[in-house]
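Asker: So the protein sequences, as listed, match chains S and H.
Heads up, the first sequence is in my numbering, so the first residue is 980 and it goes up one at a time.
Heads up, the second sequence is in my numbering, so the first residue is 366 and it goes up one at a time.
These are calculated hints, taken from the structure and not from any lab test.
For clarity, every value in this text was computed on a predicted model and none was experimentally measured.
Treat the hints with caution; some may be incorrect.
Quick look at which bits of chain H chain S covers, simulated, 3 or more residues with Cβ under 8 Å [stated by the list, open to error]: (1) 369-380; (2) 511-520.
Derived list of chain S stretches under chain H, where covered just means 3 residues or more per stretch with a C-beta under 8 Å from a C-beta of chain H [said to hold, decoys possible]: (3) 992-1002; (4) 1031-1043; (5) 1056-1069; (6) 1086-1098.
Every residue, glycine too, gets a C-beta built ideally from N, C-alpha and C.
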Amino acid sequence: MQYAILCYHDENVVCAWSKQEDDAVMARLAVVQERLAKQGKLGPVVRLLPTTAATTLRKDREPPLVIDGPFAETKEQLLGFYVVDCSSLEEVLEVARELAAANPGGAYEIRPIGVFNPGSARA
Amino acid sequence: MTDVAWIDAVLTSARAQAVAALLRYFRDLDTAEEAFQEACLRALKSWPRNGPPRDAAAWLIMVGKNAAIDTVRRQRREEPLPQEELISDLSDAEATTVERIDAADYRDDILRLLFVCCHPDLPATQQIALALRIVSGLSTHQIARAFLVSDDAMEQRITRAKARVAKANVPFEAPSAVDRSERLAAVAAMLYLLFNEGYTAGIADDGSRAALCEEAIRLCRLLLRLFPTEPEIMALTALLLLQHARSRARFDSEGSVVLLEEQDRQLWDRKLIAEGQALIDKAVRHRRPGPYQVQAAIAALHARAQRPQDTDWGQIDLLYGALERMQPSPVVTLNRAVAAAKAHGAAAGLDMIEPLQGKLDGYFYFHGARGAFLLELGRREEARVAFNRAIALANTPAEAAHIRQQLDRLAAPCLEKNPSPRG
Chain S
980 MQYAILCYHD
990 ENVVCAWSKQ
1000 EDDAVMARLA
1010 VVQERLAKQG
1020 KLGPVVRLLP
1030 TTAATTLRKD
1040 REPPLVIDGP
1050 FAETKEQLLG
1060 FYVVDCSSLE
1070 EVLEVARELA
1080 AANPGGAYEI
1090 RPIGVFNPGS
1100 ARA
Chain H
366 MTDVAWIDAV
376 LTSARAQAVA
386 ALLRYFRDLD
396 TAEEAFQEAC
406 LRALKSWPRN
416 GPPRDAAAWL
426 IMVGKNAAID
436 TVRRQRREEP
446 LPQEELISDL
456 SDAEATTVER
466 IDAADYRDDI
476 LRLLFVCCHP
486 DLPATQQIAL
496 ALRIVSGLST
506 HQIARAFLVS
516 DDAMEQRITR
526 AKARVAKANV
536 PFEAPSAVDR
546 SERLAAVAAM
556 LYLLFNEGYT
566 AGIADDGSRA
576 ALCEEAIRLC
586 RLLLRLFPTE
596 PEIMALTALL
606 LLQHARSRAR
616 FDSEGSVVLL
626 EEQDRQLWDR
636 KLIAEGQALI
646 DKAVRHRRPG
656 PYQVQAAIAA
666 LHARAQRPQD
676 TDWGQIDLLY
686 GALERMQPSP
696 VVTLNRAVAA
706 AKAHGAAAGL
716 DMIEPLQGKL
726 DGYFYFHGAR
736 GAFLLELGRR
746 EEARVAFNRA
756 IALANTPAEA
766 AHIRQQLDRL
776 AAPCLEKNPS
786 PRG
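Excised from the complex, chain S in its bound form:
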């Protein structure tokens, strides 16, 4: 069985870390990740950029509405995610609109990825 582990934390606190503190946390995580990778258990690892860099596509209306900032509602739940490689926000919004046409309702939050480690586990 494959599992996704979703990471939550107070962004204000994480953004208040100094570079040294941030590096120290990442170094400790890297040790665990490396061990998991050797065991063939580690899939992709992603660190998202802050929510200030987020854009949200509300697809519960036609045409979908683009909103600055993260998805802030609480009545919907996180059901899945895509990782796509696009050269601009316009391009990724185009992809999101295509997906939205195929599956209207809810929203897509678009977050740039800061760190991407493809991992070693086979799908």
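Let chain S serve as the given structure and place chain H on it in line with the hints.
Answerer: Same frame as chain S, now just chain H:
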């Protein structure tokens, strides 16, 4: 992370919101600051034992407010409030505070707190010092070290700035839309100054000034979280991130400035560049161009170039042209001339800056750029005069050293042409 380090991070991130709410309540900076200090002391005692509160800022506002009221009552020899009871009954205390201070209030509170530091009567250095003291919570000693002045001098500077702000009668009612956008613009300008204060520090710095850059970025992100749809705040954040991304490459091991073209681009922080680019993309969608957007776009073009020769100087020339129209200034024209020289040749750059001689005669970069254009055009003697003038105006030893290198280059081929008798 140890308890204390963890609590410290929470206090830092909650500070702006808590001090801002306390300022609205007490309408006095010193009282608000002292109330927050007191709340922090109690947090250090209570949180390791009871665990962190669900909403740290609300806890600090509640506890700080009660502590300050208690102090005032004690001074009046009145009965103290039943302090500990209130603190122990956290869930209730938080609920009422959170209810009263909703998100919109927080937003205007924090904007006001930042805005009181931007009083137009305050010189830029006092604005920054005040913001670092009040908003960021740096100690007077830390700020003094960053500004290379004595603790006493900085204490005086901050005291004077606070007195001036107290007299200024900052309005405490909710700002109108126009007020709000004016405040945002003033705060953005102050954060840019704060960043530049750190950015101009050399490697000889012990890190206390470089930390100013990180603090400016943190406050920018905070502002952006409060005003998520303002393209100019997105762009300012982007601009600071893109500049800061180059920080490790900007000085060599001896502390000399490494020019953009000579920087090791492997040292640029790709994560910060990605974040900056993402924010510019967001800002541009609003189709409301502004000076920060143009400057961020210029910084992004530099960041995007894998090698110096990949830089799109033609586009940078056009962007500086746009910036000239929005914010005409001789310094902007000078920057444009550097881009124009790269895109269209040194003659184009020289034509652009010759009319600025009168206005920029006391400016290091003017003579440095002029010397470089003249050198490229083969006007060696004039170039030498310009470089010597630049050295005389250099602000830092690193700047002077950089011009001296150019003079050396100027001198070297000359020696070949006119070998000295001794060979």
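Asker: Indicate, hint by hint, whether the structure satisfies it.
Answerer: Here is how each hint holds up against the structure:
no. : hint      : verdict
1   : 369-380   : holds (count 6)
2   : 511-520   : violated (count 0)
3   : 992-1002  : holds (count 7)
4   : 1031-1043 : holds (count 3)
5   : 1056-1069 : holds (count 3)
6   : 1086-1098 : holds (count 4)
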